[in-house]
Structures are given as structure tokens and as C-alpha cells.
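Peer 1: All chains, please: the whole structure from these sequences, using the hints.
Under the working numbering, think of the first position of the sequence shown as 1, with each following residue one higher.
Think of the hints as simulated: they come from the structure by calculation, not from any bench.
There could be a bad hint or two in this list.
Unchecked claim - Derived lysine-lysine pairs resembling BS3-like cross-links, with alpha carbons at most 25 Å apart: (1) 234 with 325; (2) 282 with 145; (3) 325 with 294; (4) 265 with 234; (5) 294 with 265; (6) 154 with 325.
As the list claims (entries may be wrong) - Ranges between beta-carbon positions, derived for each pair: (7) 30 with 88: 22 to 32 Å; (8) 40 with 89: 51 to 61 Å; (9) 613 with 172: 35 to 45 Å.
Positions of the beta carbon are idealized from the N, C-alpha and C atoms, including for glycine.
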Amino acid sequence: MHDDPFPQAHPLDPARVGRSPAALRELEQQRRARMAQFDAALAEFDLAAGTGAGTTTPLGGNGGFGAPPPPPPPPAPPVRSGRPRWLRWTIRLVAAGIILLVLAIAWLALTAPLSKSLQPPLPPSITLLSAEGTPIAQRGANIGKPVDATKLPKHVTQAFLAVEDRRFYSHWGIDPRGILRAMVHNTMSGGVREGGSTITQQLAKNAFLDSDRTAARKLREVMIAFWLEAWLTKDEILSRYLSNVYFGDNAYGLSAASQHYFSRKPQDLTTAQAAMLAGLVKAPSRLAPTGNLKGARERQAVVVSTMKAAGFLTASEARAVQPAKLRVAKGDDLPSGTYFADWVIPAARDRAGGVGTDLRVTTTLESRIQRAAERAVRRAGLRQTQVALVAMHPDGRVIAMVGGKNYKASPFNRAVQARRQPGSTFKLFVYLAALRSGLSPDSPVQDEPLTIGDWSPKNSDGRYLGTIPLTRAFARSSNVASARLTQEVGVRNVIRAARDLGISTPIPNEATIALGTANVSLLELTAAYAAIAAGEAPVRPHGLKDEEQTSWFERLRNSSRPLGRRELEGMRELLAASIRGTGHQANLPIEAFGKTGTTQDSRDALFVGYAGDIVTGVWLGNDDNTPNPGLAGGGLPARIWRDFMTEALGVPLPPPPPEVNEDVEETTDNSLDAAGDALDEAGMTIDQARDTIEDQVQGMGLNLRFDRDGGIQVERGGGDRRGPPPPREPDARRFEEEE
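Peer 2: Have a look at this one:
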């Protein structure tokens, strides 16, 4: 087939445009004539080639010969609009986005309280319930007056912008760069260490949403953030955020926090104080400076460094910022609740979220056990010395807590907030490391003086027994044996044992930790002993009942591992021997385990142990850390522990000793050597044996008076007594311990 060399001219051919009809007809005739000439030439070519002359049809309808009919002319090309394909798709996507946005706003209007968008709701009131369902405390919120970000000093708002949302004034409610940075950091650290939420998103979450970690809640948070950005200025958003955010200690808003922690208005905050408050937002319950001043100051340093990196502070200004000093304001009314309520309310608040109606949260506190703890403390008859008691089940459920003698006089919780030296109760970790190294309770250890560097530990009673088994060294709380074991197994292994059992406070890398020189809280120390009772570690003490509501990441992080069977059985054997030795005044008629602890100059005295399904720690000391002559862990703390445990477990007291002949006025013992040997075998000193005899005789209505020459005067007391003798203030002559 041959193409037509003279195709039909397009109507828009430039040669035809603007010509008259006559001229156009003349052009058409010329075209047809040229086509006829072409047909004739083509016919002659076909005849010469012998391709069927005379059988063809005229070409183009003009009488041509020898060629097939020409093909139809090609269709006219489509008229293009000139718009690129990517632009058309962009327009389509924008249209689809607008439709989705309209639908999302309609959905948001039904699921989020946008009608109160400019009035952040007040935090809820929380009622704490005991494990039995009885109300034990109720807390409202300390809500500060609204603040205007434009009227605050620059360093105050810059502290929050630097650490929470550095690009606050440039984004539209979300910060893709911040989200990407947080994802990278979290991936590299192996956990959720950093969030990518902007200040607008945080306001949306705090003001309108609950604490669920679902994709739907996150989507609503983003949509509300866009909505707030559309209706409010940046300064208005920042003002509402600072007026609403939680700063710990039940303080909501910058006004409440600045008044609570520093007794001043937000306009008067220094750079150091503003940096500390900005740092609390990350974890207000954990970093509240009234309970964790060190952590709050460390976080303050991070904020100052971030302000420097953001250009808000120069290097010299950042170096000039000192750690903020607290000046906690005293409220007009006493705080409601107890020591336990103070400890658990932050976790209850975090779990409840920031909004909602009044909430009721069930705790792990058992009312009967709490009353037994309070009675045991009252019966101790303490005067100047302070006391703390923590009781929990082996799984970490705290069932009783006493943080001091009088909550109204001093709400400072010594069971949780105080960090004191544990004395010989720390030997739990020394002997655990020794058992892990391959030793057994029967392995020998030298109870002889030694020197490690420039340190020469000594036994407080000045007695050294030579080579003795680990069981006896633990029972008599030998200092030199503990130091020798620490040197043999290595300080790092002792520290590792403490960490494995849940001790999180700093521990110095030196041999002196064998005698308990590292500071710990009574709560953590008691949880470490709970790990031996439970057979797995670490045990995380908690005060809320529904722990299954925690996130999967928290459950993974807090997972426990079983302890080795050999080391577990060995530690239980040692603890049982100790309660028959230095802790004999805590002994119960049922199987019990425990350890005494006394620090230098009797500044602290402790007894920690367990029986049945209750693990209890008791601490005594002075708030100013002054010496307490005669105070020892095997004395008053052990008796408070026994008094509490007998009532909590519902077990009877040990049986009274055999009846004593009241006609005997004076008795002397001529077999002191034999008695001394027997006491050594039992791991007791003469003073401890004397205390035991005196307590037992007093239970029969008699009093004993010891003469200086060793004589014992028996006198009739004030009649029969029921229950254990009331503990008395420590006396240097009576409560001397081997630590």
C-alpha cells in the first residue's frame, strides 16, 4: 500500500487560513490535478513491471490505474491542555485530602470534646481504695492560675521550647523531623527513650484525650493539634500548655509548680529554676524534686545543655547556671491520706490520665496489715528516734507502709524517700556473690583481722574465731569475714548481685561496701530480700493492684528471672541462721529468715526479713543522721519486726520459759566457760543471751536485775503480762551488737 502524497489538507492548515472561497477552490483543483498526474505515472510503472495493468482502480477517485485504494486519512491529533501529568495527580490528591479532612473533622467532632477546646478541663479527683475496696485517701489537684506566655521572662519559655519543642514556632502542629529523630534514637537505644510529640500535641493529649496508647488515639491527637493550630495563635497554645501541664507532686500548671517547689511566681523564676521545671515534664512522678532531688538536678543540667545547643544561652551563661535549690511551700491544709497514699498517688495519676471524672483506683494496701504496722510502731515507745516500716508480698505488692512516727508532724516518707546506709543487711549481696562463686554455707572463711589497702575492718565485739563456716560468720555478722569474701569474689561481683536483686542507687566500687556503706532506700532493700523469698529477681515493689494494665514494654523491662537453686537454698540457710544469731529477738515460732544491720556510731539500725508470705523491713534512726548510742538492728528494730509479724501472720508468741522458783533471790553461774562455748555455737553474745532471758522472764511477771559481778536478782513484777514486752528505747549496755 502506498501513502497518499497529497493528503487532504487539514481545515486549520496555515495555507488555507485567511483565503477567499474562490482561492480555496483553485487550490483544490491544483491538488487534484497533481494527484491525477501521480496516478498516471504510477500506472505506467505498474504496466512496465507486469503487475496487472488494467485491473486497478483509479487512485483517489481521480481515474488512476494499477494501485489499491488509499488508506483513510489519520485522525486529527487530540487537543492537549498543556498541563503536566504530575500536576493533574497533585490536584486529585489534594481534592481527596480535602474530602478526607472533612470526614475526619466530622468524626473528630463526635469523638473529641471540641466544644471546650479553649478551656482545658480540670484534672480528676482520685480516690484510693485498699485491696479490700475501702477508701483510704482522696486527692484533688493543685491547679495553678493560667499564665500568659508573652508576659513570662524569655528564659522561662525558652527552657520549655528547648527541651520539648525547639521548632514550635515553625511547624503546623506536628514536627516530622522531631518524629524521625525520635524514631532513630529509640531504635538505636532499643526502647522508647524519646518522644516526637510537639507542644501542640501534648496540649491536645492533656486537654482532650486519655492515656491509651492506640493508633486511633494518636490520630485524634494529630487532628486536634491541627485544629488548635487553626484556631489559636502560637502564644495562646504555649500559654495553655504551660497552664495545664503536670509537674509532679499533684501540681498542675506553671503557677502551681513554681509556688510549690520554689515559693515564687512564674515571673520570678531564675534560669536554673525554669530549667528544673521544664525537665520535670518528661517524667513528673519520677523526677519530682521533693522525692528525687538528684534526678531532678541531673535533668536540669540536660535542659541547660539543650538551651545552649538551641542558642538560647551562651556558653558562659550555661556554665553560670547552678543547681536549683528547693523552697517547698507549706500549704494551709495538711495533705490528705497517709505515707502510702503519697507514694502511690503519682502512679495512680499517671495511669488515670489527665482528664475525666472522679476516679477510684484500687491499691495493694491491706487495711488489717496496715493497722498492725501502725500499732507495732506506737508500741515501740519512741521519743526522738524516727522509724520506717515496709511490708510486701514476695511478688512486690506493698501491703503496709509507715514512713515516720507522725504523718501530720512530718509527711516526709522515710521508707521511700530517705537514702541511708544499710549496715550489715547489705551482706546479703556479699554472701550471694560468694555462693555464686562456688562456695557453700559450709565453706570455711577466716574470721581474723585483715587489711585491704588502707582499710582495716574490725569486729565490733573485738572477738575473732579463726576459721569458721560461712553460716556462722553470717549468723554472728562478722565484719572481717564479709570484707574477706568481698576481696575474694571481687567488688564488681558483689555490685552485680545487688543490681540483680533490684538495687538501683549508686554503689561505690570499693571493698567497704561489704559493711553497707552504700545508701539505699528501705523500700528497695526490702524488695531485694523479697527476691530471696520469691525465688526470682528483681522484685518490683508496686502499690497499684491492676498491674496488668501496664504496657507490654514496661512488662518486658520489669520481667524477673529465677534465681539459681543452689544459691537460693544457700541464702535461705544463711538467713535462717542469722535470725537465730544476731537477730534472735526477731525469732518466730514459725520458720523465719532475716538479717540485722547497724551502721557506724549506731546512726541507723535495721532488720529485714520474711516469714510466711510477708517480707518486712524496719529502720530506725535520726533524721539529722546523728549517732544513737546503743541502737542496734538486733534490738529495737528486731522487736518491732517480731511484734508486727506475729499480728500480721496471726501466729502465737514463742512459748514462755520453764517456771522459775520465786524464792530464789540470787543466782550465779559458775560455768561461764561452758556457757560461752555454747553461746558461740549458737552465734550469740552474752549480752544477747541476757536480753533473751530478761524478755522471757518479764513475760512471766518477773523482773531481773543484773549485778556488776554477774549476779542476777529476781524480783516480782507488776503481775502477769499478755503479749510481748513493750520495746524500750535502746540502751548502750543492753543492745550491743556484733556489727
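Peer 1: All the hints need checking, so say for each whether the structure fits it.
Peer 2: Okay, the hints, checked on the actual structure:
1. 234 with 325: Cα-Cα ~32 Å, so violated.
2. 282 with 145: holds, 22 Å
3. 325 with 294: The given pair, whose Cα atoms are some 11 Å apart, holds under the 25 Å limit.
4. 265 with 234: holds, 23 Å
5. 294 with 265: Distance ~23 Å between residue 294 and residue 265 Cα, so the pair holds.
6. 154 with 325: holds, 21 Å
7. 30 with 88: 22 to 32 Å: violated, 45 Å
8. 40 with 89: 51 to 61 Å: holds, 56 Å
9. 613 with 172: 35 to 45 Å: Because 56 Å falls outside the window, the suggested range is violated.
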